[in-house]
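Enquirer: Below are the chains, spelled out letter by letter.
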Amino acid sequence: MITKYKTFKGGYRFKNFEGQPEDKLIELDIPQKVIIPLKQGFGTEVPPIVKPNDKVKAGQIIARDDNSVSTPIHSSVNGTVEEIKRINYFNQEINCVIIKSDKTTDIQLLDGYTLGKKKVPVEKLEELLYLSGVTSLDKEGIPTRFKSSIIPPQEVESIIVRGIGSEPYNLSLSVLLSGKKIFNFIYGLRVLNAVMPNAKIYLALNRYNKKLIEELYKLTAEYRFVEICPLEPKYPQEYDEVLVPTILGKKFPYGYSAANLGVVVLSIQTVLHVYDAVAEGKPLIERIVALCGSGFKENIHLKVRIGSPVEFIVKDRLLDNTRLVLNSILTGVTLNNFSLPIDRTCSQLIAIKENNKSEFLAFLRPGLKKDSYTRTFLGSVFPNVKKIFDTNIHGEKRPCIFCNYCEEVCPVNIIPHLLHKYVVNNIIGIHLIKYGIFNCIECGLCDYVCPSKIQIMESIKQGREKLISSGWDRSLYIEPYFNLKGLEEYRGGIKKL
Amino acid sequence: MKLIKLVINKLYQISSKGKLSKFKPVIDAIDGFFFGTDKTTTSAPHVLDNIDIKRYMSTVIIALIPATIASIYFYGFRVILIILVSYIFGGIVEVMFAVVRKKEIHEGFLVTGLIFPLLLPPTVPLWVVAVGIIFGVFFGKEVFGGTGRNIFNPALVGRLFITVCFPAIMTTQWQQPFLKGFGGFLKYTSDAITSATPLISWKTQNVITPYLDLLIGKTAGSIGETFRLGIILGGLFLIWTKVANWRIPFSYILSVFIFSAVGHTFLPQKIAPPLFQLLSGGVLFGAFFMATDPVTTPFTKTGKWIAGIMLGFLTVLIRSFSGYVEGVMFSIVLMNAFSPLIDSLVLSVKYKPIPQR
Numbered sequence: 001m002i003t004k005y006k007t008f009k010g011g012y013r014f015k016n017f018e019g020q021p022e023d024k025l026i027e028l029d030i031p032q033k034v035i036i037p038l039k040q041g042f043g044t045e046v047p048p049i050v051k052p053n054d055k056v057k058a059g060q061i062i063a064r065d066d067n068s069v070s071t072p073i074h075s076s077v078n079g080t081v082e083e084i085k086r087i088n089y090f091n092q093e094i095n096c097v098i099i100k101s102d103k104t105t106d107i108q109l110l111d112g113y114t115l116g117k118k119k120v121p122v123e124k125l126e127e128l129l130y131l132s133g134v135t136s137l138d139k140e141g142i143p144t145r146f147k148s149s150i151i152p153p154q155e156v157e158s159i160i161v162r163g164i165g166s167e168p169y170n171l172s173l174s175v176l177l178s179g180k181k182i183f184n185f186i187y188g189l190r191v192l193n194a195v196m197p198n199a200k201i202y203l204a205l206n207r208y209n210k211k212l213i214e215e216l217y218k219l220t221a222e223y224r225f226v227e228i229c230p231l232e233p234k235y236p237q238e239y240d241e242v243l244v245p246t247i248l249g250k251k252f253p254y255g256y257s258a259a260n261l262g263v264v265v266l267s268i269q270t271v272l273h274v275y276d277a278v279a280e281g282k283p284l285i286e287r288i289v290a291l292c293g294s295g296f297k298e299n300i301h302l303k304v305r306i307g308s309p310v311e312f313i314v315k316d317r318l319l320d321n322t323r324l325v326l327n328s329i330l331t332g333v334t335l336n337n338f339s340l341p342i343d344r345t346c347s348q349l350i351a352i353k354e355n356n357k358s359e360f361l362a363f364l365r366p367g368l369k370k371d372s373y374t375r376t377f378l379g380s381v382f383p384n385v386k387k388i389f390d391t392n393i394h395g396e397k398r399p400c401i402f403c404n405y406c407e408e409v410c411p412v413n414i415i416p417h418l419l420h421k422y423v424v425n426n427i428i429g430i431h432l433i434k435y436g437i438f439n440c441i442e443c444g445l446c447d448y449v450c451p452s453k454i455q456i457m458e459s460i461k462q463g464r465e466k467l468i469s470s471g472w473d474r475s476l477y478i479e480p481y482f483n484l485k486g487l488e489e490y491r492g493g494i495k496k497l
Numbered sequence: 001m002k003l004i005k006l007v008i009n010k011l012y013q014i015s016s017k018g019k020l021s022k023f024k025p026v027i028d029a030i031d032g033f034f035f036g037t038d039k040t041t042t043s044a045p046h047v048l049d050n051i052d053i054k055r056y057m058s059t060v061i062i063a064l065i066p067a068t069i070a071s072i073y074f075y076g077f078r079v080i081l082i083i084l085v086s087y088i089f090g091g092i093v094e095v096m097f098a099v100v101r102k103k104e105i106h107e108g109f110l111v112t113g114l115i116f117p118l119l120l121p122p123t124v125p126l127w128v129v130a131v132g133i134i135f136g137v138f139f140g141k142e143v144f145g146g147t148g149r150n151i152f153n154p155a156l157v158g159r160l161f162i163t164v165c166f167p168a169i170m171t172t173q174w175q176q177p178f179l180k181g182f183g184g185f186l187k188y189t190s191d192a193i194t195s196a197t198p199l200i201s202w203k204t205q206n207v208i209t210p211y212l213d214l215l216i217g218k219t220a221g222s223i224g225e226t227f228r229l230g231i232i233l234g235g236l237f238l239i240w241t242k243v244a245n246w247r248i249p250f251s252y253i254l255s256v257f258i259f260s261a262v263g264h265t266f267l268p269q270k271i272a273p274p275l276f277q278l279l280s281g282g283v284l285f286g287a288f289f290m291a292t293d294p295v296t297t298p299f300t301k302t303g304k305w306i307a308g309i310m311l312g313f314l315t316v317l318i319r320s321f322s323g324y325v326e327g328v329m330f331s332i333v334l335m336n337a338f339s340p341l342i343d344s345l346v347l348s349v350k351y352k353p354i355p356q357r
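Chains as they are written, first to last, in the numbering used here: chain A, 1 to 497; chain B, 1 to 357.
By construction, these hints were calculated from the structure, which means they are not laboratory data.
Please note that a few of the clues may not be correct.
[Stated by the list, open to error] Which stretches of chain A does chain B cover? Using the computed rule of at least three CB atoms under 8 Å from a CB of chain B, they are:
(1) 42-48
(2) 87-97
(3) 325-336
(4) 433-442
[Unchecked claim] Taking lysine-lysine pairs in the BS3-like style, the calculated list, with each CA pair at most 30 Å apart, reads:
(5) A:421 - B:22
(6) B:103 - A:466
(7) B:10 - B:103
(8) A:297 - B:10
(9) A:4 - A:57
(10) B:24 - A:453
(11) B:203 - B:180
(12) A:297 - A:218
(13) A:353 - B:5
(14) B:24 - A:4
(15) A:119 - A:200
(16) B:39 - B:24
(17) A:421 - B:301
(18) A:421 - B:39
(19) A:453 - B:10
(20) B:301 - A:9
(21) A:6 - B:352
(22) A:24 - A:51
(23) B:24 - A:421
All residues carry an ideal CB built from backbone N, CA and C; glycine is no exception.
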């Protein structure tokens, strides 16, 4: 079933930027050495069950803990464990297993997988998902009876599969779903339906991608549990906090997760991994990663082994004087240390030019290739010209002039500049909660559109920290108003990513 | 380009030591004007919009170009002199404050310096222009802490001050516009003085000037407000570029229309008909260029509607029942004073109080 297209108030559509990844997929070699973080995706860090100098196979489980909310982690190559040490992986100290590979390509299939068996019991399906590592993907994981998420599978009311592509740079869906893979995707949806029988599956798609919508509509017409939702590809539509209210019309308990509402949000690649695990018995040791942005020589998709160091992936492909960012150009972290590996959650590597050169009379240029929320540049009259991204801040810092752009684009209906002003003047109190400081989902859009180049998101984060450190508790303002699920697990020390 | 860079670097060298170091904001401003910024983002978001305050303010100036060129055509190139005086004396105040406060020079002044002369009668003596802009920038903006903190629109504060101080100069002498050939492009100024603007004719004799004349500016009036076609185009351009929010101009014009339509049916002698109200005086100029000043108007969306409706009501009220013929300026300044109150009212309705611990 297709519903009428939906959207939300606020947001901004990033259109036509240079460096969109082409529909080309290259399988990368096996790296000499992989570094496997023992916390990947959703769940707590798991203890290793291998020792240095152990021989491991690609797909062998090297760390698991069946008692905590977690999912096993595999070796992604055949080889020997070199050492296990703590590494600072994106501001978190995490145990990592370093494995020297022997460069052979064979993969050990999952325990309990039997080839070509038609009817698989639900319990078995869940076990396959759990053992393959797929259950740790996306924000809150896939619920199974193995404590892979904070709620049991029966409590899931809706599953949202997101394929909107609302970021400036997105993984290409035509690569993911090319050829026969679209049938794999449908298979994955059926597996999810078997595991979570009470849930309806919503496919959130870009409303302008008519071909895909039609194709999926034909293929899913016989399944009554699938509903196709065309959405306007405005950033940040793909955030759980925006998707759930748009599609389900529910209020979102900001600061909690969709799983607390009984909603599981998954990406399209995750559903394909579900297929791999159940139908082919493959553990999750490979990912498709898009190389986006004008800082790459070639914008393509790569199939890489998880744990490959970044330098192995980007070597010879990166131009000079670029900044490499993980996953999202608006919220992602800068990759300075190229020896760090990528993990299960990585889907894009974005490289943009560092631009610390001043431009002569920049504010008077017509700006054919300049993107702006306002229509003050020629680029907004010629949407077909590809826009350029660079790291220059394009203007001097100035005081706020109440232009209200930040309020207009804010997807969660708060007034960012107001909160910013309270925080910089150090007026901290209950009025900040009243004005919705805890609603902020840190999408970074207010910073993007600000003509005065104020770091509004930073102020909001600071204000939140100050509030919390002076004893305010956001749960008091959320929990009485929602019927939230899985709260005990949530309080049990699992930190949100 | 390299030459300018060289000069700026030299200036930096000279000003780096001694008493001249106070003038660093000035050189920073020149540098910023020509070369923009070389800073990069340090954390997420890694990319930023290309819009900056310079571009933002330049867009307002671009939108004012039709009205400005038309005013030179109508009233001779003395208008250019008036604009120059406004920029120079306003600029001196701005720079003085930047130097004393050791803060950077802000671009908002570029707009104030152009809007202010467009509000004046064409016969205005140059010294009055200087007095007005100095007062406006000083007491309208700088004493509150500069751009972004001012309560009143600085151009209007200046205009209000000289209207109250020099009523004879500001309200009795109007110049007939040039209308033939090259018009005022080749002439300094005109001696054809009249004492009647369309609003005065209405107030004294209940005469309605033809609407087409009003639209293309065949009437006497303030320098920039008579070429209403250009003002409408410029205003629509501002709204299209999203630099000005549509809510205030729309609600302002709508409420002037409604209030005068209702008023005219009941008091046809006192209150002018709606279209005449819209096309005479400074309603259009005020609605598109002054009531849209984001700093001094309410920032909430509902607040903008309230402000627009209030503006329309006040304008019709002052025009019809006060000693002044024109009420746009007073109503905008009054609304400026109320906008913090409007905002806090709207906020307290929009965001429900939350239970205390």
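Enquirer: None of the hints should be skipped; say for each whether it holds.
Expert: Against the structure, the hints:
no. : hint          : verdict
1   : 42-48         : violated (count 0)
2   : 87-97         : violated (count 0)
3   : 325-336       : holds (count 8)
4   : 433-442       : holds (count 4)
5   : A:421 - B:22  : holds (29 Å)
6   : B:103 - A:466 : holds (28 Å)
7   : B:10 - B:103  : holds (21 Å)
8   : A:297 - B:10  : violated (40 Å)
9   : A:4 - A:57    : violated (48 Å)
10  : B:24 - A:453  : holds (21 Å)
11  : B:203 - B:180 : holds (29 Å)
12  : A:297 - A:218 : violated (38 Å)
13  : A:353 - B:5   : holds (24 Å)
14  : B:24 - A:4    : violated (58 Å)
15  : A:119 - A:200 : holds (22 Å)
16  : B:39 - B:24   : holds (18 Å)
17  : A:421 - B:301 : holds (18 Å)
18  : A:421 - B:39  : holds (23 Å)
19  : A:453 - B:10  : holds (28 Å)
20  : B:301 - A:9   : holds (14 Å)
21  : A:6 - B:352   : holds (27 Å)
22  : A:24 - A:51   : violated (39 Å)
23  : B:24 - A:421  : holds (27 Å)
The structure is inconsistent with the numbered hints 1, 2, 8, 9, 12, 14, 22, although it conforms to all the rest.
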